[in-house]
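J.: Below, each chain spelled out in residue letters.
Number of protein chains: 2
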Amino acid sequence: MKERVAVLGAGALGTALSVLLGGKGIPVLLWGRNEETVRWLREKRYHPTRLTPEIILPPSVEVTSNPEEWISIPLLIYCLPAQAVREFFGRYRKDLHPEVKILLTAKGFELETGLSLDEVLREIYSSDWVEEHFAVLSGPMFALELARGLPTVSVVAGYKEGIRRFWQELLATPTFRVYTSDDVIGVEVAGALKNVIALAAGAVDGLGLGLNARAALITRGLAEITRFGVALGARPMTFIGLAGVGDLILTSTGDLSRNRMVGFRLGRGEPLEEVLKTTREVVEGIPTTKSVIRRAEELKVEIPIIHEVGEVLFHGKEIRKAVYDLMTRTLKAEIIV
Amino acid sequence: MKERVAVLGAGALGTALSVLLGGKGIPVLLWGRNEETVRWLREKRYHPTRLTPEIILPPSVEVTSNPEEWISIPLLIYCLPAQAVREFFGRYRKDLHPEVKILLTAKGFELETGLSLDEVLREIYSSDWVEEHFAVLSGPMFALELARGLPTVSVVAGYKEGIRRFWQELLATPTFRVYTSDDVIGVEVAGALKNVIALAAGAVDGLGLGLNARAALITRGLAEITRFGVALGARPMTFIGLAGVGDLILTSTGDLSRNRMVGFRLGRGEPLEEVLKTTREVVEGIPTTKSVIRRAEELKVEIPIIHEVGEVLFHGKEIRKAVYDLMTRTLKAEIIV
Chain A
1 MKERVAVLGA GALGTALSVL LGGKGIPVLL WGRNEETVRW LREKRYHPTR LTPEIILPPS
61 VEVTSNPEEW ISIPLLIYCL PAQAVREFFG RYRKDLHPEV KILLTAKGFE LETGLSLDEV
121 LREIYSSDWV EEHFAVLSGP MFALELARGL PTVSVVAGYK EGIRRFWQEL LATPTFRVYT
181 SDDVIGVEVA GALKNVIALA AGAVDGLGLG LNARAALITR GLAEITRFGV ALGARPMTFI
241 GLAGVGDLIL TSTGDLSRNR MVGFRLGRGE PLEEVLKTTR EVVEGIPTTK SVIRRAEELK
301 VEIPIIHEVG EVLFHGKEIR KAVYDLMTRT LKAEIIV
Chain B
1 MKERVAVLGA GALGTALSVL LGGKGIPVLL WGRNEETVRW LREKRYHPTR LTPEIILPPS
61 VEVTSNPEEW ISIPLLIYCL PAQAVREFFG RYRKDLHPEV KILLTAKGFE LETGLSLDEV
121 LREIYSSDWV EEHFAVLSGP MFALELARGL PTVSVVAGYK EGIRRFWQEL LATPTFRVYT
181 SDDVIGVEVA GALKNVIALA AGAVDGLGLG LNARAALITR GLAEITRFGV ALGARPMTFI
241 GLAGVGDLIL TSTGDLSRNR MVGFRLGRGE PLEEVLKTTR EVVEGIPTTK SVIRRAEELK
301 VEIPIIHEVG EVLFHGKEIR KAVYDLMTRT LKAEIIV
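Taken in sequence, the protein lines are chains A and B. For what it's worth, my numbering labels the leading residue of the first sequence as 1, then goes sequentially. For what it's worth, my numbering labels the leading residue of the second sequence as 1, then goes sequentially.
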């Protein structure tokens, strides 16, 4: 009998991972916070809004909204938003299984403190505990494609080799390939900051500036992500990998990305309030931009593109002016770190 | 009076660079090998096939097909194919201006020898001479967008700082941003091998495998390019820059790319001969694949994606089988170099 896995968060990725694990015959408890979504999933076996109706939960997937049911399970996959991490793990800290393994799919920087999720967890638990129990899943993964069984490649980062290998084995299928990495910080930073660059890349597309400009923006954005990550202790080569370049390409060029779409609409001239009013889901790139600008100042890291995104989002700077300012900076050597 | 520049090769990029330099008031001699194209360009002032008719050569651009006219000019921009480098510089070696500065835009590996263009030049000239006189221009540049004045960012790699700075200053405009790099080998390898990965990325799109698969293919392709480059003496961080990631993103996701289009049609099931019969221009990715596979064997570098491209192109392997073989390799850690 295979060990049971609890998936926390019945959004697109949580549901897709439940479909994947269920497809391997693994018993899954999918926990959602939204009663209505949970009821729909339980009765109709497909997600009401975030995936398509032909994607059906396999029989080994149970759906619940009751935390009592997952709290004792020693395998947790956290698929809730980044900004909910402190509250969530703060609340359930003492009740988790003592041998629990937790896989985070969220990436971001906490809005109030500017801390990475790894740093937030180290404030809640001891550092040793975090390193013993947590791992992060990242890489170029649109949930819809993953759920459809289209070929997808990802990376699991964890401090302990045993933990990384465990999740790698558990998740891999013939169409879902999982690499491992020990650079947890690098994978987290890459996953969080790509949302900001995707916003900017969307704006370049919305402005009609062309494919050269988009490729350059993504590349120079990657240089900023790398510098910022290295300043926090990440390894530079992580950013050339799946969690870095891979996810950045997907999010910045793929039509399915929310952050890109928000940037695109801004580039087309829609006011920010208008765009946000009609965007139902969390746009992680916006809080991340704010946190990262503050953190980069402390770390003395140069992040000109992210800085201009902040000017546009929070200080009403005209978007064409921001692009012009980026293009006409002093000429220099291409040095990344 | 500004110094005159000779642009060698009246294809898309040669013409676009002539438009750019002419727009800065620099006198340009654009040299083409095709009499008909040269006549058209001279009379109508736009390119007959490779750019759009609204892109007009500025008055300071002269067009010729006579080598006598450019041979004494000390500033040369080489925009002919990679496979023509040996023959071209072999022929004109002794006649070049003794203080000549040469900027190469071609990238590739010589089909017969498997050598990089840098290595080919070192066989023709002395190594010192190559380092004193040559530089390479690369980065995400579709010629059509460059000629239209859409924002474009590039990199000039050269062994000598004076040479790099010279071309940087000469080429830069408010919409064309030029960085410098001293990693000539890295920039060359990245520029050449991206064509092979673009072929594979096109095939993934043609097969309808989705955006996750495309992003993963590009990223794992970048890891192969990096490994191969490092084995030849390049610096790993070059591959995260404009000539690496930047150009790879552009060529692998942009609709304007020839190599991508050939891969796309193969992915859709068209036979290779059919595709090549209807592709007018040089598809650099095909000879590059052959040379690189041979060279990688000598260097003992693992290049599974490029290897599968070779299997499909030269040994009739079924394209779905190639993708399946890539996805089901042994699981491992994500190590790039």
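Because the hints were derived from the structure by calculation, they are not lab data. Be aware that a few hints might be false.
Covered stretches of chain B, as calculated for chain A (at least 3 residues, CB under 8 Å) [said to hold, decoys possible]:
1) 88 to 95
2) 138 to 144
3) 166 to 179
4) 221 to 227
5) 232 to 240
6) 266 to 277
Keeping only pairs whose Cα atoms sit at most 35 Å apart, straight-line, the calculated DSBU-like set for lysine-lysine is [unchecked claim]:
7) K332/B <-> K24/A
8) K321/B <-> K332/A
9) K332/B <-> K160/A
10) K24/B <-> K321/A
11) K2/B <-> K300/A
12) K317/A <-> K24/B
13) K332/A <-> K317/A
14) K290/B <-> K317/B
15) K2/B <-> K2/A
16) K2/B <-> K24/A
17) K2/B <-> K24/B
18) K2/B <-> K321/A
19) K160/A <-> K2/B
20) K321/B <-> K2/A
21) K317/B <-> K332/A
22) K317/B <-> K332/B
23) K332/A <-> K160/B
24) K2/A <-> K44/A
25) K94/B <-> K24/A
We put the CB at the ideal spot given by N, CA and C, even for glycine.
J.: Each of the hints needs a verdict: does it hold here or not?
T.: Going through the hints against the structure:
1. 88 to 95: Coverage by chain A is violated here, the residue count being 0 at a Cβ distance below 8 Å.
2. 138 to 144: Coverage by chain A holds for the region 138 to 144 of chain B (4 residues, Cβ < 8 Å).
3. 166 to 179: Holds: 8 residues of the region 166 to 179 of chain B have a Cβ under 8 Å from chain A.
4. 221 to 227: Contact hint for the region 221 to 227 of chain B vs chain A: holds, 3 residues under 8 Å.
5. 232 to 240: holds (count 4)
6. 266 to 277: violated (count 0)
7. K332/B <-> K24/A: Satisfied, since the Cα-Cα distance of roughly 20 Å is no more than 35 Å.
8. K321/B <-> K332/A: Distance ~46 Å between K321/B and K332/A Cα, so the pair is violated.
9. K332/B <-> K160/A: holds, 15 Å
10. K24/B <-> K321/A: With Cα atoms ~23 Å apart, K24/B and K321/A stay inside 35 Å; holds.
11. K2/B <-> K300/A: violated, 41 Å
12. K317/A <-> K24/B: Holds. K317/A to K24/B sits at ~30 Å (cutoff 35 Å).
13. K332/A <-> K317/A: holds, 25 Å
14. K290/B <-> K317/B: holds, 15 Å
15. K2/B <-> K2/A: The hint is violated at about 76 Å.
16. K2/B <-> K24/A: violated, 69 Å
17. K2/B <-> K24/B: holds, 10 Å
18. K2/B <-> K321/A: Given that 35 Å is the threshold and the Cα spacing comes to 31 Å, the pair holds.
19. K160/A <-> K2/B: Violated: K160/A and K2/B sit about 62 Å apart, past 35 Å.
20. K321/B <-> K2/A: holds, 31 Å
21. K317/B <-> K332/A: Violated, at roughly 46 Å.
22. K317/B <-> K332/B: Holds. K317/B to K332/B sits at ~25 Å (cutoff 35 Å).
23. K332/A <-> K160/B: Holds, at roughly 15 Å.
24. K2/A <-> K44/A: Holds. K2/A to K44/A sits at ~25 Å (cutoff 35 Å).
25. K94/B <-> K24/A: violated, 68 Å
Of the numbered hints listed earlier, those contradicted by the structure are 1, 6, 8, 11, 15, 16, 19, 21 and 25.
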